[in-house]
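Engineer: All chains, full assembly: derive it from the sequences and hints.
2 protein chains.
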Amino acid sequence: MKETNRSWYFVERPTGEPDADCFELREEAVPEPADGELLVRVEYLSVDPYMRGRMRDAESYAEPWDVGDVLKGGVVGEVVESNDERYDDGDLVTGEGTWAEYGVLDADEVAPVDPAIADPPAYLGVLGMPGRTAYFGLLDVGEPIPGDTVVVSGAAGAVGSVVGQIAKLNGCRVVGFAGSNEKTRWLTDDLGFDAAINYQETDDYEAALAEAAPDGVDVYYDNVGGPITDAVFTKLNLDARVAVCGQIAHYNDESVPTGPRKLPLLIATRAKVEGLLVADYATRFGEATERLATWVESGEIEHRESVVEGLENAPDAFLGLFSGDNIGKQVVRVAE
Amino acid sequence: MKETNRSWYFVERPTGEPDADCFELREEAVPEPADGELLVRVEYLSVDPYMRGRMRDAESYAEPWDVGDVLKGGVVGEVVESNDERYDDGDLVTGEGTWAEYGVLDADEVAPVDPAIADPPAYLGVLGMPGRTAYFGLLDVGEPIPGDTVVVSGAAGAVGSVVGQIAKLNGCRVVGFAGSNEKTRWLTDDLGFDAAINYQETDDYEAALAEAAPDGVDVYYDNVGGPITDAVFTKLNLDARVAVCGQIAHYNDESVPTGPRKLPLLIATRAKVEGLLVADYATRFGEATERLATWVESGEIEHRESVVEGLENAPDAFLGLFSGDNIGKQVVRVAE
Numbered sequence: 001m002k003e004t005n006r007s008w009y010f011v012e013r014p015t016g017e018p019d020a021d022c023f024e025l026r027e028e029a030v031p032e033p034a035d036g037e038l039l040v041r042v043e044y045l046s047v048d049p050y051m052r053g054r055m056r057d058a059e060s061y062a063e064p065w066d067v068g069d070v071l072k073g074g075v076v077g078e079v080v081e082s083n084d085e086r087y088d089d090g091d092l093v094t095g096e097g098t099w100a101e102y103g104v105l106d107a108d109e110v111a112p113v114d115p116a117i118a119d120p121p122a123y124l125g126v127l128g129m130p131g132r133t134a135y136f137g138l139l140d141v142g143e144p145i146p147g148d149t150v151v152v153s154g155a156a157g158a159v160g161s162v163v164g165q166i167a168k169l170n171g172c173r174v175v176g177f178a179g180s181n182e183k184t185r186w187l188t189d190d191l192g193f194d195a196a197i198n199y200q201e202t203d204d205y206e207a208a209l210a211e212a213a214p215d216g217v218d219v220y221y222d223n224v225g226g227p228i229t230d231a232v233f234t235k236l237n238l239d240a241r242v243a244v245c246g247q248i249a250h251y252n253d254e255s256v257p258t259g260p261r262k263l264p265l266l267i268a269t270r271a272k273v274e275g276l277l278v279a280d281y282a283t284r285f286g287e288a289t290e291r292l293a294t295w296v297e298s299g300e301i302e303h304r305e306s307v308v309e310g311l312e313n314a315p316d317a318f319l320g321l322f323s324g325d326n327i328g329k330q331v332v333r334v335a336e
Numbered sequence: 001m002k003e004t005n006r007s008w009y010f011v012e013r014p015t016g017e018p019d020a021d022c023f024e025l026r027e028e029a030v031p032e033p034a035d036g037e038l039l040v041r042v043e044y045l046s047v048d049p050y051m052r053g054r055m056r057d058a059e060s061y062a063e064p065w066d067v068g069d070v071l072k073g074g075v076v077g078e079v080v081e082s083n084d085e086r087y088d089d090g091d092l093v094t095g096e097g098t099w100a101e102y103g104v105l106d107a108d109e110v111a112p113v114d115p116a117i118a119d120p121p122a123y124l125g126v127l128g129m130p131g132r133t134a135y136f137g138l139l140d141v142g143e144p145i146p147g148d149t150v151v152v153s154g155a156a157g158a159v160g161s162v163v164g165q166i167a168k169l170n171g172c173r174v175v176g177f178a179g180s181n182e183k184t185r186w187l188t189d190d191l192g193f194d195a196a197i198n199y200q201e202t203d204d205y206e207a208a209l210a211e212a213a214p215d216g217v218d219v220y221y222d223n224v225g226g227p228i229t230d231a232v233f234t235k236l237n238l239d240a241r242v243a244v245c246g247q248i249a250h251y252n253d254e255s256v257p258t259g260p261r262k263l264p265l266l267i268a269t270r271a272k273v274e275g276l277l278v279a280d281y282a283t284r285f286g287e288a289t290e291r292l293a294t295w296v297e298s299g300e301i302e303h304r305e306s307v308v309e310g311l312e313n314a315p316d317a318f319l320g321l322f323s324g325d326n327i328g329k330q331v332v333r334v335a336e
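If you read the sequences in order, they're chains A and B.
Take 1 as the starting number for the first sequence in full-length UniProt numbering and just add one per residue.
Take 1 as the starting number for the second sequence in full-length UniProt numbering and just add one per residue.
These are computed hints drawn from the structure, not numbers from a lab.
Just so it is clear, the structure is predicted and the values come from calculations on it, not from any experiment.
The C-beta atom is built at its ideal place from N, Cα and C for all residues, glycine as well.
Heads up, some of the hints might be wrong.
Computed footprint of chain B on chain A; a stretch qualifies when at least three of its residues, placed anywhere within it, have a C-beta under 8 Å from a C-beta of chain B [stated by the list, open to error]: (1) 148-161; (2) 232-246; (3) 254-264.
Pair by pair, the computed Cβ-Cβ distance ranges are [to be verified]: (4) D280/B x T294/A: 55 to 65 Å; (5) R56/A x P112/B: 32 to 42 Å; (6) D204/A x S323/B: 52 to 62 Å; (7) D57/B x F285/A: 43 to 53 Å; (8) V70/B x E17/A: 36 to 46 Å; (9) D280/A x G147/B: 14 to 24 Å; (10) F322/A x D66/B: 17 to 27 Å; (11) S298/B x A282/A: 42 to 52 Å.
Structural biologist: Set out below in structure tokens:
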């Protein structure tokens with residue numbers, strides 16, 4: 001074990017797109033776990049789009065970060081000092097930690113990682129918060145029915161790639177929007193999507209949708225917002241459901257974004273549009289984790305992680321989310 | 001009975017705001033009812049904002065009118081010739097007729113009018129389609145809970161005025177937007193709204209709402225769209241429900257209207273936004289009619305009709321809906 005611990009601190013609120021100036025790497029003493037706590041050597045750190053919201057000085061669903069705070073995020077790592085009888089040194093766990101080499105986690109708030117089910121970084125993706133978000137957002141808000149056409153934006157991301165596969169398991173036609181041919185190939189060739197639209201290669205999303213979703217859209221799982229979402233709304237079917245999970249196109253906006261009004265489209269379709277947050281389903285996390293693990297073990301759901309090497313590159317990994325660098329879940333490998 | 005029948009025809013599709021050129025009054029023979037039909041002398045004719053949609057050459061929830069069609073609408077009138085054993089000459093009925101002095105209605109599709117419960121024009125308002133729309137939209141889509149703050153736009157209209165009163169019966173705090181002091185006084189002094197905002201007298205709807213709805217908005221019943229709706233969305237509470245019933249601010253738009261994007265606001269609030277159409281509740285119309293009639297008879301729900309005199313003024317009565325001329329339900333008195 002090292003004597004010192006490197007940690008990323010939040011040192012400047014961004015205006016618009018965040019950059020390297022928002023982050024500062026500091027070296028400190030390795031923290032000591034109290035009773036009921038675990039010292040964890042971080043192997044993988046999660047960076048997620050929702051963290052952009054925590055950089056704002058405004059109350060929202062996630063507690064805002066204060067300037068001077070250490071950055072927080074999901075981690076997978078090895079217990080190196082346990083002050084809780086449920087865990088031993090050497091156990092692999094996942095939980096909410098910090099952007100650091102070592103973290104102290106409350107033993108009540110970690111979950112075990114079983115490498116026999118999936119490699120550890122998958123516990124930050126398909127078997128972690130993004131997988132649960134996909135599960136509840138699609139099934140509870142989207143309410144897919146076999147035969148429905150399900151459209152997913154951000155389809156090659158950590159959430160979208162799971163949404164599309166669960167929709168396929170539900171007997172739906174699945175169409176994904178993603179930002180490169182490598183991504184759209186992954187969706188159609190590996191994940192079984194019926195069609196995928198590379199939004200970088202066309203401006204006419206409505207025409208692309210008319211081809212990919214000729215029977216219109218019954219469920220739209222939105223991770224993105226912006227012009228893709230504008231186009232999908234014009235194709236909603238009667239009684240369509242829209243699950244608003246993310247709006248990454250707008251997270252860096254400094255003023256209220258404008259665009260086509262959508263409410264007039266809801267009357268004729270009687271569509272339902274609903275925002276969702278996975279934390280609301282906390283009492284049912286066990287259900288999601290069990291189902292997702294079963295699907296992952298059986299190979300019915302595939303997963304992929306984009307790995308950036310080294311804690312020093314964590315800010316770049318985070319910033320890359322806004323330019324679509326990742327395929328599947330973006331993680332940072334902090335240690336082997 | 002007269003020998004001739006005057007009827008309004010739809011003779012020109014409007015661009016933007018409709019005007020008198022869209023309508024033509026023609027004189028024809030009085031139609032003859034077939035078996036199972038009733039000849040009805042129209043006493044009151046309903047004009048409704050949704051009719052603007054029927055003037056477009058586009059499929060929507062209501063069948064579009066073709067140029068050259070006679071205009072259709074709800075009527076209340078007296079049976080003057082019955083070819084159905086269920087109705088006698090002299091009976092008062094309501095149903096879907098035409099903008100005319102006489103109309104032939106299918107006896108299967110009319111309902112009796114009981115002047116002991118309410119004056120005949122109320123059967124086009126609180127006891128007709130607008131009342132049922134308010135009932136199902138508020139209760140089924142809005143899902144009000146006692147203590148909720150319910151905001152209604154177009155609050156002094158046929159639908160909005162009923163929505164607010166049902167919300168009061170459900171133990172809610174009710175705030176209405178309306179376009180004159182006469183209207184806002186009616187809402188607060190006669191209908192029991194807790195607050196009413198005259199949107200003609202302020203541009204700062206958010207500030208007005210902060211005062212009128214200090215605990216935020218749990219249910220928003222939207223008849224209007226536009227800047228009022230933009231403001232209400234910024235005040236939605238956690239798990240708020242938005243019932244999108246009408247968007248009269250946009251019915252005359254010729255291009256897709258733009259405005260602040262609302263989906264980013266839905267994530268933090270997990271709000272649900274849903275379009276509604278009363279026709280979807282057809283199997284439950286009996287329930288609504290019975291409850292509404294009970295509330296009207298007991299005086300728990302008050303109603304008001306704005307009456308324009310004379311069939312020749314029906315187009316003006318319709319056009320006045322878009323400038324907010326009406327308080328309560330707008331009807332045209334065709335005959336005594």
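Engineer: The structure should be examined with respect to each hint, and the outcome stated for every one.
Structural biologist: So, going through the hints one by one against the coordinates:
no. : hint                        : result
1   : 148-161                     : violated (count 0)
2   : 232-246                     : holds (count 3)
3   : 254-264                     : holds (count 9)
4   : D280/B x T294/A: 55 to 65 Å : violated, 38 Å
5   : R56/A x P112/B: 32 to 42 Å  : violated, 60 Å
6   : D204/A x S323/B: 52 to 62 Å : violated, 38 Å
7   : D57/B x F285/A: 43 to 53 Å  : holds, 51 Å
8   : V70/B x E17/A: 36 to 46 Å   : violated, 59 Å
9   : D280/A x G147/B: 14 to 24 Å : holds, 21 Å
10  : F322/A x D66/B: 17 to 27 Å  : violated, 50 Å
11  : S298/B x A282/A: 42 to 52 Å : holds, 45 Å
Violated hints, in rising order: 1, 4, 5, 6, 8, 10; the structure is consistent with all others.
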